[in-house]
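Here is what each chain is made of, one letter per residue.
Number of protein chains: 2
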Amino acid sequence: MLQNATQVNNGVNVGALLDARQALTAAPEAARFKWRATTQWINGTHSRSTVSGFYGLGTEQSRKVEFKYDADHPEIFASEDHGATPVEFVLVGLASCLTAGIAAVAQHRKIQLRKVTATIEAGMNVQGILGIDADVRNGFDGIKVIYDIDADATKEEIAALVAQSQKRSAVFDIVTNPTDVAVEVR
Amino acid sequence: MLQNATQVNNGVNVGALLDARQALTAAPEAARFKWRATTQWINGTHSRSTVSGFYGLGTEQSRKVEFKYDADHPEIFASEDHGATPVEFVLVGLASCLTAGIAAVAQHRKIQLRKVTATIEAGMNVQGILGIDADVRNGFDGIKVIYDIDADATKEEIAALVAQSQKRSAVFDIVTNPTDVAVEVR
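Line order of the protein sequences matches chains Z and A.
Each residue of the first sequence is one higher than the one before, counting from 1 in the numbering used here.
Each residue of the second sequence is one higher than the one before, counting from 187 in the numbering used here.
FYI, nobody ran anything at the bench for these hints, they're computed from the structure.
Note that beta-carbon positions come from the ideal geometry of N, C-alpha and C, so glycine has one too.
Just so you know, not all the hints are guaranteed correct.
[To be verified] With a cut-off of at most 27 Å between alpha-carbon atoms, the simulated DSS-like pairs for lysine-lysine come out as follows:
1. Lys330/A / Lys68/Z
2. Lys110/Z / Lys155/Z
3. Lys254/A / Lys115/Z
[Unchecked claim] Among chain A residues calculated to face chain Z with C-beta under 10 Å, some are:
4. Thr211
5. Arg222
6. Tyr255
7. Ala264
8. Ser265
9. Glu266
10. Ala289
11. Ala290
12. Val369
13. Arg372
Please model the complete structure; the sequences and the hints are all you need to start from.
Right under this line is the structure:
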């Protein structure tokens with residue numbers, strides 16, 4: 001495939017995103033999405049979640065495939081390690097959200113990306129979940145994401161890309177700000 | 187395999203967890219964990235995350251397998267839907283965390299589980315991430331988890347199981363409370 005060497009292509013259709021922005025400004029109800037998963041307990045700490053349909057643009061949306069994710073605890077917690085631990089899924093969500101944002105912002109700013117790698121690490125004192133110390137939180141005590149980015153841009157332009165991605169990231173917002181969770185038993 | 191009909195077995199080794207609680211009360215440094223993922227940008231909004239080693243019990247921990255997770259945006263956002271969206275990974279993390287907790291608490295309380303299904307749904311106004319309205323948050327406007335549980339227990343005992351699981355859930359804490367995230371470019 002011949003490609004114009006001066007044409008930036010990160011594989012993001014920015015035109016479609018700008019069209020969506022315009023359409024959803026005019027039709028705010030269409031911007032209300034509902035994301036879903038269904039989780040089936042298998043055994044012990046092992047479960048299997050299915051991600052498939054969602055609601056958006058005013059209607060139910062289906063996918064060509066169902067995504068299945070096994071989650072479990074690792075062997076050092078006397079579990080069988082059938083999948084990532086639940087907290088690791090949160091890290092996958094955060095790093096993939098920021099990374100998709102970097103690609104979209106780079107496309108919009110006509111910056112060609114060559115390689116983007118995120119290394120994400122979160123500290124957690126398990127005295128919280130084990131109920132040893134009520135003053136220790138159950139979740140992470142902090143998260144650090146380090147980006148390694150090779151792109152046709154200056155160091156400052158790359159830093160600005162990453163900053164803009166954080167500003168528009170859904171998962172960054174979810175992790176850094178509180179969200180109400182209602183849990184019910186049918 | 188013959189099994190004593192009166193013996194509760196949800197596949198959770200509660201004895202090992204209680205031993206861990208005792209050991210980590212005496213050795214608080216061993217309770218400091220670090221969970222990690224590495225995320226590689228593929229193209230467009232598509233990335234691949236790898237979850238493998240972590241740090242805990244005072245040392246680096248390895249796994250027999252590496253878990254790989256593709257994330258992407260769906261086709262209605264002009265993407266290619268190579269995996270769940272980042273926000274759906276958060277839902278998988280939350281529902282699998284609560285579900286593992288239900289199994290562990292049930293085992294501790296000698297309640298036999300037969301079937302546990304969680305249906306999780308989160309609302310999100312995409313006017314936030316599209317930058318249409320600065321007053322709309324990027325993340326979820328709320329999450330609802332509905333449990334359907336078949337177990338040898340009363341309705342009240344089942345409700346108490348679910349409540350205790352929330353109280354000790356790492357991901358429930360991460361989603362309902364703020365966590366600091368530092369993003370750096372190398």
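Against the structure, the hints come out as follows:
no., hint, in the structure
1, Lys330/A / Lys68/Z, "holds, 20 Å"
2, Lys110/Z / Lys155/Z, "holds, 15 Å"
3, Lys254/A / Lys115/Z, "holds, 18 Å"
4, Thr211, "holds, 5 Å"
5, Arg222, "holds, 5 Å"
6, Tyr255, "holds, 5 Å"
7, Ala264, "holds, 3 Å"
8, Ser265, "holds, 8 Å"
9, Glu266, "holds, 8 Å"
10, Ala289, "holds, 6 Å"
11, Ala290, "holds, 7 Å"
12, Val369, "holds, 5 Å"
13, Arg372, "holds, 5 Å"
Hint check: no violations occur; every hint is consistent with the structure.
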